[in-house]
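Asks: Residue-level listing of the chains:
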Amino acid sequence: MKKKTKATTFLMVLIMAYLLLPLVVTIVYSLFQKWTDIVPEQFSLGSYVIILQDKEFLLCIVRTLAACVIPIGITVCIILLAMFVTTVYFPSLDKYVQIICMIPYTIQGVILSVSILSAYIRAGSFLGNRLVMLFGAYSVIIMPYIYQGIKNGMSAINVKVLTEAAEMLGAARMYAFFRIIVPNILSSIVVSALLAVGIIFGDYVLVRNLTGTSFQNMQIYLYQTMKSDSTKASAVFVIIMLITCLITAVTLYLKNKEREK
Amino acid sequence: MALLPFLVVALLYEIIPLIMVIMNSFQSDAGTGITLENYQTIAEKLLYQKAIFNSIRISLISSLGGIVVAFLGAKAIAESKGKIANLFMTILNMVSNFAGVPLAFAYMVLLGNAGFMVHVGQKLGISALADFNLYTSDGMSMIYIYFQIPLATLLLVPAFAGIRKEWKEAVALLGGKEGLFWRKVGIPVLMPEILGTFSVLFANALAAYATVYALMMNNISLLPIQIAGSYVGEVKTRPGLGGALSVVMMVLMCLMILLTNRMSRHFQKGGNPS
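Taken in order, these protein sequences are the chains called A and B. Everything in the first sequence is counted per the numbering used here, starting at 1 for the first residue and increasing by one. Everything in the second sequence is counted per the numbering used here, starting at 1 for the first residue and increasing by one.
Bear in mind the hints are in silico, worked out from the structure with no lab data behind them. The reader is advised that the hints may include incorrect statements.
[Said to hold, decoys possible] No farther apart than 27 Å at their CA atoms in a straight line, the calculated lysine-lysine pairs in the DSSO-like style are these:
hint : chain 1 : residue 1 : chain 2 : residue 2
1    : A       : Lys4      : B       : Lys236
2    : B       : Lys123    : A       : Lys4
3    : B       : Lys75     : A       : Lys255
4    : B       : Lys75     : A       : Lys4
5    : B       : Lys83     : A       : Lys6
6    : A       : Lys257    : B       : Lys83
7    : B       : Lys168    : A       : Lys4
8    : A       : Lys6      : B       : Lys184
9    : A       : Lys255    : B       : Lys184
10   : B       : Lys81     : A       : Lys255
11   : A       : Lys6      : B       : Lys168
12   : A       : Lys227    : B       : Lys236
[Claimed, not checked] Chain A is nowhere near these chain B residues, computed Cβ spacing over 12 Å in every case:
hint : residue
13   : Ala30
14   : Thr32
15   : Gly33
16   : Tyr39
17   : Ala43
18   : Ile52
19   : Phe98
20   : Asp131
21   : Ala159
22   : Pro188
23   : Pro192
24   : Ser221
25   : Ser230
26   : Arg262
27   : Met263
28   : Gln268
[Said to hold, decoys possible] Partial pick of chain A residues on the chain B-facing surface, computed with a CB cut under 8 Å:
hint : residue
29   : Thr5
30   : Leu19
31   : Val25
32   : Gly73
33   : Val205
34   : Ile243
C-beta: ideal position from N, C-alpha, C; glycine also.
With the sequences and hints as input, model every part of the structure.
Replies: What follows is the structure in structure tokens.
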């Protein structure tokens with residue numbers, strides 16, 4: 001038995017080492033100026049100083065943030081409204097809402113981006129605006145995650161009883177839903193929104209295909225610097241990974257807290 | 001009324017574009033009218049045959065590789081449940097968001113032409129490392145396997161909760177070794193989850209774009225690259241052809257889902273695979 005525990009531990013350590021290797025090597029790479037031998041030389045934070053002073057890079061962070069907040073806000077609102085209708089009035093419609101929400105999961109980035117592009121590239125109105133296309137695409141691509149999150153939250157509480165109780169006390173259905181149900185499932189909404197942040201934050205396909213390079217987010221910035229200056233790119237990489245880890249950590253923390261409840 | 005905003009967004013950015021792509025695929029890029037010309041081009045031209053073949057190949061290889069490692073990893077998590085297992089889960093969650101351009105860049109630093117491992121290989125005289133070429137389809141397969149492992153493991157971990165200790169004990173009582181247990185009981189019981197995970201991995205690899213594009217630009221023949229290329233092409237766009245390629249890709253995904261569903265039904269009925 002002892003031998004077996006050692007073997008499983010060894011296996012896990014091995015997989016962890018494999019998964020962390022590219023990360024660790026790139027982090028070390030970003031901290032040294034010279035690495036032509038096995039041991040790197042000349043520790044320096046210079047590349048971080050350069051990019052953190054680069055206005056273009058800071059603008060990228062702001063753009064990425066905007067590209068997260070707006071579509072997630074839109075999707076959470078429209079799915080909540082749709083779920084309000086399906087839970088309170090027409091439960092039979094839920095099936096269709098679910099199907100519509102799950103389609104983006106199967107078609108994924110490439111097909112979604114080219115189909116939106118081909119549908120609206122010649123449209124003259126605001127639909128032809130590349131930024132509108134991008135935000136629309138983001139709103140759609142995160143639907144599966146937001147839908148599932150809200151659905152999970154709702155299945156944990158008894159929506160019907162709560163709504164009826166509120167109605168008996170004289171509240172309108174709409175009021176009951178948004179003032180009683182939504183606050184109760186807020187933590188699930190936050191968790192799914194954070195998952196969506198992770199998706200949009202890591203997106204390259206949609207932003208490249210839909211906007212070319214006109215809307216430079218952090219991924220595009222990394223792509224362009226990695227073609228020209230790999231030391232600078234490694235610092236960008238580390239900052240992107242730090243933000244990603246932060247998002248994951250907060251998501252995991254909230255998830256665990258919810259489970260304890 | 002409250003359903004309206006949802007329907008508008010879904011229609012505008014999901015349903016209409018999808019219908020447009022399918023319709024485009026039946027329209028000639030040169031003339032007008034309904035035609036199967038685009039599908040014919042795909043079937044005849046070596047470039048597109050290769051793209052389809054390469055995409056299926058890399059998706060199958062990476063999904064298989066990913067699922068084998070994930071099976072061992074998830075099994076280890078289920079069997080240990082200690083601090084290490086917790087750490088392992090945290091790292092898996094962390095790394096599961098590690099894909100696309102950042103992953104491509106990290107592999108460039110690690111195994112690219114002047115990469116760290118290449119230096120190590122040269123210094124220590126390991127020719128497999130020193131001569132490794134990342135910019136080939138084997139190099140790409142390696143990166144694909146990398147991003148499949150965390151996803152696959154996270155999907156498989158919950159399934160192992162279904163393996164009951166009593167079954168292992170029963171097999172042991174009858175004189176069976178652990179290997180026999182997994183061959184005859186464990187793996188068949190887990191098969192529906194394994195197959196489901198496999199189809200998710202397949203779709204994930206088939207649609208992967210950013211990682212390959214960041215390393216290879218358009219110098220590799222894969223379906224997503226060809227699709228994107230025919231819309232955002234350098235010379236002129238070919239929406240008809242791109243549409244047809246997109247349809248091919250969606251059909252491939254659906255086929256894999258159907259196939260794995262069918263196979264897993266076989267296992268759920270308790271049929272014996274051997």
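Asks: So which of those numbered hints doesn't the model satisfy?
Replies: 1, 2, 9, 19, 25, 32, 34
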